Amino acid sequence: MNQLRVALAVARKDLRSEWRTRELVPALAQFIILALLIGNFGFQIDSRNASTIAPGILWLALVFAGLVAFGRTFAAEREQASLEAMLMTPASPVAIFAGKALAAAALLVVCEMVLLPALSLFFGMPLSGDVVAAVLLATVGMAALGCLFAAVVARVRARELLLPLLTLPLWIPFIIAGGLAVQSAMGLPGSYQQAIGLLIDFDILFVVLTSLAARFVLDE
Amino acid sequence: MSVIVADGLTHRFGSEVALEGLDLVLDSGEHMAVLGENGAGKTTLLRVLATALRPTAGRLRIAGLDAFQERRRLRHYLGYVAHAPGLYPALSAAENLEFFCDLQGVSRSRAADVLETVGLKAVAHRRADQLSRGTQQRLAIGRAILHEPRLLILDEPDASLGAGAFDLLSGVMHGTTVVLATHDQALANRLCPRTIVLRHGRSLGTATHLRVVQ
Amino acid sequence: MNRFERAAAVAVLLMLLAAGAIFVYAPTDALQGPVQRIFYLHVSSAIAAYGCFAVVLVGGIIYLRNDSAVADRFARAGALVGVVFTTVTLVMGMLWAKPIWNTFWTWDARLTSTLVLWIVYAGYLLVRRMAEPGRQAARLAAVVGIFGFIDVPVVHFSVTWWRTQHPGPIIVNDALPVQMLGTFLFTLACTLVLAGVMIAIRYRIETLIDEKQSIAEPVPVAAGHRAEAGPEAVP
Numbered sequence: 001m002n003q004l005r006v007a008l009a010v011a012r013k014d015l016r017s018e019w020r021t022r023e024l025v026p027a028l029a030q031f032i033i034l035a036l037l038i039g040n041f042g043f044q045i046d047s048r049n050a051s052t053i054a055p056g057i058l059w060l061a062l063v064f065a066g067l068v069a070f071g072r073t074f075a076a077e078r079e080q081a082s083l084e085a086m087l088m089t090p091a092s093p094v095a096i097f098a099g100k101a102l103a104a105a106a107l108l109v110v111c112e113m114v115l116l117p118a119l120s121l122f123f124g125m126p127l128s129g130d131v132v133a134a135v136l137l138a139t140v141g142m143a144a145l146g147c148l149f150a151a152v153v154a155r156v157r158a159r160e161l162l163l164p165l166l167t168l169p170l171w172i173p174f175i176i177a178g179g180l181a182v183q184s185a186m187g188l189p190g191s192y193q194q195a196i197g198l199l200i201d202f203d204i205l206f207v208v209l210t211s212l213a214a215r216f217v218l219d220e
Numbered sequence: 001m002s003v004i005v006a007d008g009l010t011h012r013f014g015s016e017v018a019l020e021g022l023d024l025v026l027d028s029g030e031h032m033a034v035l036g037e038n039g040a041g042k043t044t045l046l047r048v049l050a051t052a053l054r055p056t057a058g059r060l061r062i063a064g065l066d067a068f069q070e071r072r073r074l075r076h077y078l079g080y081v082a083h084a085p086g087l088y089p090a091l092s093a094a095e096n097l098e099f100f101c102d103l104q105g106v107s108r109s110r111a112a113d114v115l116e117t118v119g120l121k122a123v124a125h126r127r128a129d130q131l132s133r134g135t136q137q138r139l140a141i142g143r144a145i146l147h148e149p150r151l152l153i154l155d156e157p158d159a160s161l162g163a164g165a166f167d168l169l170s171g172v173m174h175g176t177t178v179v180l181a182t183h184d185q186a187l188a189n190r191l192c193p194r195t196i197v198l199r200h201g202r203s204l205g206t207a208t209h210l211r212v213v214q
Numbered sequence: 001m002n003r004f005e006r007a008a009a010v011a012v013l014l015m016l017l018a019a020g021a022i023f024v025y026a027p028t029d030a031l032q033g034p035v036q037r038i039f040y041l042h043v044s045s046a047i048a049a050y051g052c053f054a055v056v057l058v059g060g061i062i063y064l065r066n067d068s069a070v071a072d073r074f075a076r077a078g079a080l081v082g083v084v085f086t087t088v089t090l091v092m093g094m095l096w097a098k099p100i101w102n103t104f105w106t107w108d109a110r111l112t113s114t115l116v117l118w119i120v121y122a123g124y125l126l127v128r129r130m131a132e133p134g135r136q137a138a139r140l141a142a143v144v145g146i147f148g149f150i151d152v153p154v155v156h157f158s159v160t161w162w163r164t165q166h167p168g169p170i171i172v173n174d175a176l177p178v179q180m181l182g183t184f185l186f187t188l189a190c191t192l193v194l195a196g197v198m199i200a201i202r203y204r205i206e207t208l209i210d211e212k213q214s215i216a217e218p219v220p221v222a223a224g225h226r227a228e229a230g231p232e233a234v235p
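Protein chains in written order, with our numbering: chain A, 1 to 220; chain B, 1 to 214; chain C, 1 to 235.
A hint or two may mislead.
If the Cβ cut is set under 10 Å, some of the chain A residues that face chain B in the computed set are [unchecked claim]: (1) V10; (2) P90; (3) I96; (4) F216.
Just a sample of chain B residues kept apart from chain A, beta carbon distances all over 10 Å, derived [unchecked claim]: (5) G29; (6) L78; (7) H83; (8) Q104; (9) D113; (10) V123; (11) R127; (12) H147; (13) R150.
Just so you know, the hints here were simulated from the structure itself, not pulled from any lab data. Since this is a predicted model, take the numbers as computed values, not measurements. For each residue, glycine too, the CB sits at the ideal point set by N, CA and C.
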């Protein structure tokens, strides 16, 4: 399908650029390690309370790394004036948006590959398939929303200020459901199945909504 | 047939008027230069004609279609070289063009042909951020002609091209309808039989083979 | 007095009458005492806020569909007034919660989603201030307004599913004394009138702002008065 081809071309272009420059991922990884350091001193973590505090640090670090990653993907296009060139082609804005979101999500997954082992190394957080699945499912919806609002603010002054303000409230459902899924995967009370089901519902809802809205945000 | 029919194009940024009541008719195959000082409204006019900017007032028809209702259908018809080259710095010249081949829906082999046309075959695998400003400009021109548009909108493409500007542009412009903004009056006269001069967003008039405007 | 001043005077008068009903007519709650009187305005302004944000939602959708400047102005007016009423709701709710729950704040579904509501539409107003005024700002804000409205029930649902302690809607309960119900309905009606008047006045202000910035409404693109433009004017 033509739309899919465009989306993949855009994602490949972004990932290739990142691979060549290696700017964003190392910066984000560093950022994540620093977040863990701050978490450690802010909470006085030891082996007894690690499992209750580590999930909170996980979501905080992920949310702020995500804001930087998504903000960057559209800000770079704006600085290079290349977004307009893309939109001057017959390619559908929704496909372009999907490609950008896909690449940003992939970069965030790379960050998670740093974050999750680091959490387990520093704080003894058990690293199970259940935790990984919850984080990955939350990443899907967060990437869709994050990219939509990154595209919204890319053409506004003070975008660094506005992106978290607009995006964080919309991420709250993912953080609630994802937070609960991770907690229950670590043995705290709560239904893991139910939390994962909710994450999947939210993913579907927001991926559909953002693709409907992308046309209005990117056009012109 | 008229390719561009503009009627009362007006654009304001806040309270600042960038373009005011501009009327324009351009026939198929015509080459028209847009002259004027910085801030006269050249870029705004070109962005409107390229359908990249919706004017605050006025009507624009391109190839018989309403330019803002049918923007999507005009994408194939139109090629636009903006003021900034808009390239991906970390991708090579060839990769930049191949990416846009994918977006245009044309075969990637077209990228190699176009690199040849704009004289960049030798630097095809050089990263865009390692190319000189003039070479980047050539690449941006190449990107605008990948899909062989019938209408070309060129915003100061000669600014950093140097001596080869005339040869490159006359080759690219051959057989298409062109609107070209430039500071170089001599180049404009050689390339375009028709000229329009802008000042403060208004047309100071058009002429055929304008010689000197003071 | 022009008609906006008259409408404002009527709205203020109605709110004073509502205050009278709340403090004089309505009986004191047996369990909660006088603090319960907060309920009348608290719930009314919450409903008014939702009404305002519904205006933002509908205005945004209409704007995205056909670029109507009127719809956009209504959306802007609705967002501002809605944020005001949400603030009132939050503050009154916290004042009520302190004596009853012994805390100003708890992370319950209704409280969390109302806070999210406030943040989303405060963000909406910031986008309007920071984006260059015109079509683009309006489109971007419309998207923000629509997503904000969708987000509220989603947040509400996810927190409810998580935990909740906010009192359920007891208005429909027939155990509510008729004086209380009457006071509530009267206060609600007065608050909605106030919200409507505020939106109307704000709409007028937005119109004047637009006129001042002389952002012309998009010219109709159908066949116009001058069919084919003649040769360009030569001075």
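> Which of the listed hints are broken here?
Replying inline: 4, 6, 7, 8, 11, 12
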